[in-house]
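Let the hints inform the model, and build the full structure from the sequences given.
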Amino acid sequence: MRYILLLIPCVASVATWLYNISEPMLFGIPFFYWFLMLLIPVSSIFIWLAARTGGDEL
Amino acid sequence: MNGINVTATAVFIFFFALVTILGFVAARWKAGDLNELHEWGLGGRRFGSWITWFLLGGDLYTAYTVIAVPAVVYAIGAYGFFAVPYTILIYPFIFLTMPRLWNATHKRGYLTGADFVYGAYGNKWLEGMVALTGIIATMPYIALQLVGMEKVIQALGFPHEGMAGHLPLTIAFLILAVYTYRSGLRAPAMIAFVKDIMIYIFVIAAVIIIPAKLGGYGAIFDSAQKDFSAQLATNPNVARGILLAPSQIWPFVTLAIGSAMALFMYPHSLTGVLSASGPKAIRHNAISLPAYSLVLALIAMLGYMAHAAGIKVDNPQDAVPQLFLAMFPSWFVGFTFAAIAIGALVPAAVMSIGAANTFTRNLWRPFINENMSPSQESALAKLMSLVVKIGALIVIIFLPTQFALDLQLLGGVWMIQIFPAIIFGLYTRWYKGGALLAGLIVGLALGTYLSYGPASWVPVSKAFLGIPLYNGLTAVIANVIVATLLSFVLPANKSDELTEADFRDARA
Numbered sequence: 001m002r003y004i005l006l007l008i009p010c011v012a013s014v015a016t017w018l019y020n021i022s023e024p025m026l027f028g029i030p031f032f033y034w035f036l037m038l039l040i041p042v043s044s045i046f047i048w049l050a051a052r053t054g055g056d057e058l
Numbered sequence: 001m002n003g004i005n006v007t008a009t010a011v012f013i014f015f016f017a018l019v020t021i022l023g024f025v026a027a028r029w030k031a032g033d034l035n036e037l038h039e040w041g042l043g044g045r046r047f048g049s050w051i052t053w054f055l056l057g058g059d060l061y062t063a064y065t066v067i068a069v070p071a072v073v074y075a076i077g078a079y080g081f082f083a084v085p086y087t088i089l090i091y092p093f094i095f096l097t098m099p100r101l102w103n104a105t106h107k108r109g110y111l112t113g114a115d116f117v118y119g120a121y122g123n124k125w126l127e128g129m130v131a132l133t134g135i136i137a138t139m140p141y142i143a144l145q146l147v148g149m150e151k152v153i154q155a156l157g158f159p160h161e162g163m164a165g166h167l168p169l170t171i172a173f174l175i176l177a178v179y180t181y182r183s184g185l186r187a188p189a190m191i192a193f194v195k196d197i198m199i200y201i202f203v204i205a206a207v208i209i210i211p212a213k214l215g216g217y218g219a220i221f222d223s224a225q226k227d228f229s230a231q232l233a234t235n236p237n238v239a240r241g242i243l244l245a246p247s248q249i250w251p252f253v254t255l256a257i258g259s260a261m262a263l264f265m266y267p268h269s270l271t272g273v274l275s276a277s278g279p280k281a282i283r284h285n286a287i288s289l290p291a292y293s294l295v296l297a298l299i300a301m302l303g304y305m306a307h308a309a310g311i312k313v314d315n316p317q318d319a320v321p322q323l324f325l326a327m328f329p330s331w332f333v334g335f336t337f338a339a340i341a342i343g344a345l346v347p348a349a350v351m352s353i354g355a356a357n358t359f360t361r362n363l364w365r366p367f368i369n370e371n372m373s374p375s376q377e378s379a380l381a382k383l384m385s386l387v388v389k390i391g392a393l394i395v396i397i398f399l400p401t402q403f404a405l406d407l408q409l410l411g412g413v414w415m416i417q418i419f420p421a422i423i424f425g426l427y428t429r430w431y432k433g434g435a436l437l438a439g440l441i442v443g444l445a446l447g448t449y450l451s452y453g454p455a456s457w458v459p460v461s462k463a464f465l466g467i468p469l470y471n472g473l474t475a476v477i478a479n480v481i482v483a484t485l486l487s488f489v490l491p492a493n494k495s496d497e498l499t500e501a502d503f504r505d506a507r508a
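Chains as they are written, first to last, in the working numbering: chain A, 1 to 58; chain B, 1 to 508.
Calculated from the structure, these hints are not laboratory results.
Even glycine gets a Cβ: it sits at the ideal position worked out from N, Cα and C.
Take every hint as true, because none was put in to throw you off.
Label pairs and their computed distance ranges (CB to CB): (1) B:171 / A:11: 40 to 50 Å; (2) A:21 / B:366: 46 to 56 Å; (3) A:28 / B:236: 19 to 29 Å; (4) B:394 / A:11: 41 to 51 Å.
Here it is in structure tokens:
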């Protein structure tokens, strides 16, 4: 589970077929850009979840 | 250039003086005996979560990054955004591997990645090659920090050419060299607080004020795409645009993955991690450091804002400084330029310390003098930190900048080649030291060969099935194949002083 949680943001970050598009836009920013920027805090959450489920000391 | 911008320069000098004082005061911070290498070169491993956050943030997101990433975005568009997936990939990796490395190094008294490699495989030639790769790859990286600094000093209105043009840079760098010599890693750790806070302030200001002046983000992306389309009409050979062209996808993906694998092999990254107070501080940072990646993504957007602001520069690396000059009042220009220049000091200091630690522990000790006392180690490392920085300064002053850029590109390709020796070693000792050494040499040779182009060095080539892949990644795959095959036939390692318990968190 720990490894799957860590793998999800990694795969999403290089899944260009998923995000190399301009629609839908957000505040005039193409999807490509706001998706990647949103993925940054999301990846933090996944790492935190991995620590939680893996029993790593935090 | 029509003269020096006095207000901006005054603000710039004020902040520069402030961090200089901090650099010297730092020697007494969390006091320790600076005549021991783990005190001078790793801050006594006493940096908790917060200090590590500022130090690693300051160390990894360098001045060169602040200049170079938006420069690529300005020049070709979405492709420059590879830095974002790259920095997303780093943190799950750090979270998994670096606490294990910290535990083993702490338990066994290692100070560098190459120390760990020797402990795991008992092969001093492998240790030496790992160390040499790290040092050679770090040198041009330090030189590029100077380029970042020089760009903002020139933008303040100082002359571009001749010895007078290099004078402010030389003075700044010599001051840095002296306080790093005195205070060791404590100096960049303390300066990183100032630097990072300044960067956060200017980025937040930039992404609010500049779009407001330019008519919003929609207008910014539109005008960037319009410029790219016009450029494509005159030169269709170079793909550009606010989305990735099909030909850019594989390079984008493999460059992100390869760069992420290489980053934590650099001595300066490992120095930042190993100076943490424990595995907990490292895990906290794996979760909290992505805040800097968000800043990096926003900085990358500055490349598009330069288009919308009508900035036209021959060298894309001038785009961001010129954008700030056009958009901000002088005092704030001074503030942002100071942030970028100080942003060069922190990584330059940590890089020189990382390279100096590695040189002392993994080249001098095994090959020249096996019986160094702790104070001899510390004295030699201090001296090496000076040599490394002066070497970088000479490269920038006397050789064309392209030389440092090419070496930096090759440095990444080389650095990734020590990944198998260090990271595999954290989980298994099945690999043989000699096999990893052979793999490393094959990887270095292949990576260099692939990067050679008749006109210029290139990061990407079509070595495999005609797909354009990052050379570092192609070469490290060959490296692993060689290391794996040879591990079947070579005799067992001479020594392995590590046990699985060494990698686990010590229970309080």
